[in-house]
Amino acid sequence: MDQWDDQQVVAAILGGDVNAYGTLVRRYQKPIFNLMYRMTGSHADALDLSQETFIKAYDKLRLFKKDRKFFPWLYTIGLNHARNFIRDSRSDPVSFSENFEENPRVSMVYDVEDPLYAQIEAHHLEKALQTLPTEYREAVLLHYHEEFSMEEIAEMLQLSVSGAKMRVHRGLKKLREMILGENDER
Amino acid sequence: MKDEHTEPFLGDPADKPDELDLQIIRGVKQLRDHEPPPTLLPSVMLAIQTRRPSWIKRVILWAQAPRSITFTPVRWVPAIAAFLIVFAIAVVFLSDHRTPESPVSQQNLFPIVFSLTGAEARSVSIIGTFNQWNPKGYEMQWNREKKAWSLVVWLPEGRHEYNFLIDGNRMLPDPEALLKQDDGFGHQNSVLNLREENGQTI
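Chain order of the listed sequences is A and B. Counting from 1, one number per residue, gives the positions in the first sequence under the working numbering. Counting from 1, one number per residue, gives the positions in the second sequence under the working numbering.
Keep in mind the hints are simulated off the structure, nothing from the lab. Being a predicted model, the structure only gives us computed values, none of them experimental. C-beta atoms are modelled at their ideal positions from N, C-alpha and C, and glycine is treated no differently. It is possible that part of the hints are untrue.
[To be verified] Beta-carbon label-pair distances, calculated as ranges:
#1 R68(A) / L46(B): 19 to 29 Å
#2 R68(A) / R32(B): 26 to 36 Å
#3 R58(B) / R26(A): 21 to 31 Å
#4 Q3(A) / E35(B): 48 to 58 Å
#5 R68(A) / F83(B): 56 to 66 Å
#6 N19(A) / L84(B): 50 to 60 Å
#7 R83(A) / L20(B): 24 to 34 Å
#8 I80(B) / K65(A): 23 to 33 Å
#9 A79(B) / N80(A): 48 to 58 Å
#10 K65(A) / L20(B): 17 to 27 Å
#11 P42(B) / N80(A): 17 to 27 Å
#12 D48(A) / I80(B): 55 to 65 Å
[Unchecked claim] Calculated cross-link-like contacts (lysine-lysine; reagent style DSS-like; alpha-carbon spacing at most 30 Å):
#13 K147(B) / K136(B)
#14 K165(A) / K29(B)
#15 K165(A) / K16(B)
#16 K174(A) / K16(B)
#17 K56(A) / K66(A)
#18 K146(B) / K60(A)
#19 K180(B) / K146(B)
#20 K56(A) / K30(A)
#21 K165(A) / K65(A)
#22 K57(B) / K69(A)
#23 K29(B) / K174(A)
Input sequences plus hints: build the corresponding full structure.
Put into C-alpha cells, the structure is as follows:
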C-alpha cells in the first residue's frame with residue numbers, strides 16, 4: 001500500500017480499510033507537524049494540532065474530490081485549523097524575532113555543507129523567516145522548501161495562481177530586505 | 001528542486017534573482033524539518049479506530065455484517081398462545097356477527113332447533129335421514145327453565161324425515177311437526193321441508 005498513490009489509498013479507506021489511513025499519516029506527518037510548529041512555536045501544540053488535523057481530514061474524507069491532490073487539501077485543513085487555534089487562544093502567530101537568541105527551542109536545523117549558504121548566517125535566515133507574516137512565510141516555504149507548484153500553492157492558500165506567484169515573490173523580497181537590514185545593522 | 005527558481009519573478013528585469021536571492025532560496029530549501037514525535041501516527045490511528053462512526057455508516061455496517069439468528073421455541077410459546085387467543089376471539093366475533101339473511105356456511109346449511117317438551121325420559125336423541133338414523137352425536141340437551149329437550153342441527157335444504165329416540169329404545173314422532181309420513185313399518189316419521197326462505201324452528 002505504501003506504493004499506492006494518494007487517490008488509491010483514499011479509495012481503500014472509503015472502502016472500509018481504516019488502517020490504510022496510516023499510509024497517508026506517515027506520508028504527510030512531517031510537513032503538517034512543521035506547519036503547526038511554525039504556527040505555534042510549541043512542540044506540544046504542534047503535536048495536538050497535527051493530530052486534530054489528521055482526524056478532521058479523516059472525518060471529511062468523503063468530501064475529498066478524487067481528481068484533486070490529497071496534500072494540498074490536507075494542508076488547507078491544517079492551516080485553517082491552526083488559524084482557528086490561534087484566534088481562539090487569542091495569541092498572535094508566533095514571531096521569534098524578539099527572543100530568538102534566548103529561545104533555542106524554535107531553532108530550525110539546517111545543512112551547512114552548502115558553501116554558498118554558509119555565507120549567510122543561518123540564524124539570520126531563520127529569524128527573518130519567523131518574522132515574516134504567516135501568508136508570506138507559508139508561500140515561501142511551500143514553494144522553495146516543500147517544492148509545490150504555484151497551482152498547488154494557490155489552492156492551499158486559496159489564491160489565484162498569479163496571486164500565489166505574487167505572494168512568493170513578495171515573501172522572498174521581504175526576506176531579502178530583512179537579511180540585508182540585519183547585515184547593515186551589523 | 002530546480003537550481004534556478006525564477007518562477008515567481010514576474011517579468012520585471014529588476015526583479016531577476018541575484019546571487020543573494022539564490023543563496024536565500026538555497027538556504028530555505030536546506031532548512032531541515034523537525035521530526036514529528038513518534039506518538040503522532042499511533043495517536044491518530046487510535047483515535048480514528050476507536051471513534052464512533054456516523055449513524056449512516058453504522059446503518060450501512062450493520063446491514064453489511066453477517067449475523068446469526070437463534071430460535072428458541074420455548075420463548076415463542078407466549079407469543080403463539082397470544083396469537084391463538086386473538087385468532088379464536090376473532091373467529092368467535094366474526095361468527096356472532098353473521099347477517100341473518102346470508103347462508104350460514106358455504107355448504108348452505110341452516111341451523112334447525114329441534115325441541116321436545118312433555119316427554120318423560122332419561123335421554124333423548126334426534127335421528128333421521130340426515131344422520132342415517134344413527135343417534136351418536138345427536139344427543140339432545142335438557143333445559144330446566146324451558147323444561148324441554150333441545151338440539152341445534154345444521155341441515156341443508158330439502159326434505160328431511162326424523163324422529164326422537166327416547167332412552168335409546170323408543171321412537172317418538174315430533175308432536176309439533178306439520179307433516180308426518182308412514183314409514184311402511186307401522187310407524188310415522190316427522191317430515192321437515194327445508195327451503196332457504198323458511199328458516200323455521202321446530
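query = R68(A) and L46(B), beta-carbon distance inside 19 to 29 Å?
reply = For L46(B) against R68(A), whose Cβ atoms are near 28 Å apart, the range 19 to 29 Å holds.
ask   = CB of Q3(A) to CB of E35(B), is that within 48 to 58 Å?
value = Violated - the Cβ-Cβ distance for Q3(A) and E35(B), about 23 Å, lies outside 48 to 58 Å.
inquiry  = Tell me if the straight-line CA distance from K165(A) to K16(B) falls inside 30 Å.
reply    = OK: K165(A) and K16(B) at ~14 Å, within 30 Å.
Pairwise hint evaluation, K16(B) against K174(A), where the allowed Cα distance is 30 Å at most = Since the Cα atoms of K174(A) and K16(B) sit roughly 15 Å apart, the hinted pair holds (cutoff 30 Å).
message = Given a hint of 24 to 34 Å, does the C-beta separation of R83(A) and L20(B) actually sit inside it?
response = holds (32 Å)
task = For the pair we were handed, K146(B) and K60(A), check the Cα-Cα distance against 30 Å.
result = It is violated: about 87 Å lies between the C-alpha atoms, which goes past 30 Å.
task = With respect to the beta-carbon atoms only, verify the hint that A79(B) and N80(A) lie 48 to 58 Å apart.
result = holds (57 Å)
ask   = Are the Cα positions of K56(A) and K66(A) separated by 30 Å at most?
value = holds (18 Å)
request  = Starting from K180(B), check that the Cα of K146(B) is at most 30 Å away, please.
outcome  = holds (25 Å)
message = Need the status of pair K147(B), K136(B): alpha-carbon distance at most 30 Å?
response = With a Cα-Cα distance of about 23 Å, the restraint between K147(B) and K136(B) holds, given a limit of 30 Å.
ask   = Within 55 to 65 Å or not, the Cβ separation of D48(A) and I80(B)?
value = Once the Cβ atoms are compared, 59 Å apart, the range 55 to 65 Å for I80(B) and D48(A) holds.
query = In this structure, is the beta-carbon distance linking R68(A) and F83(B) contained in 56 to 66 Å?
reply = holds (59 Å)
Violated hints, listed in ascending order, are 4, 8, 10, 18; each of the other numbered hints is respected by the structure.
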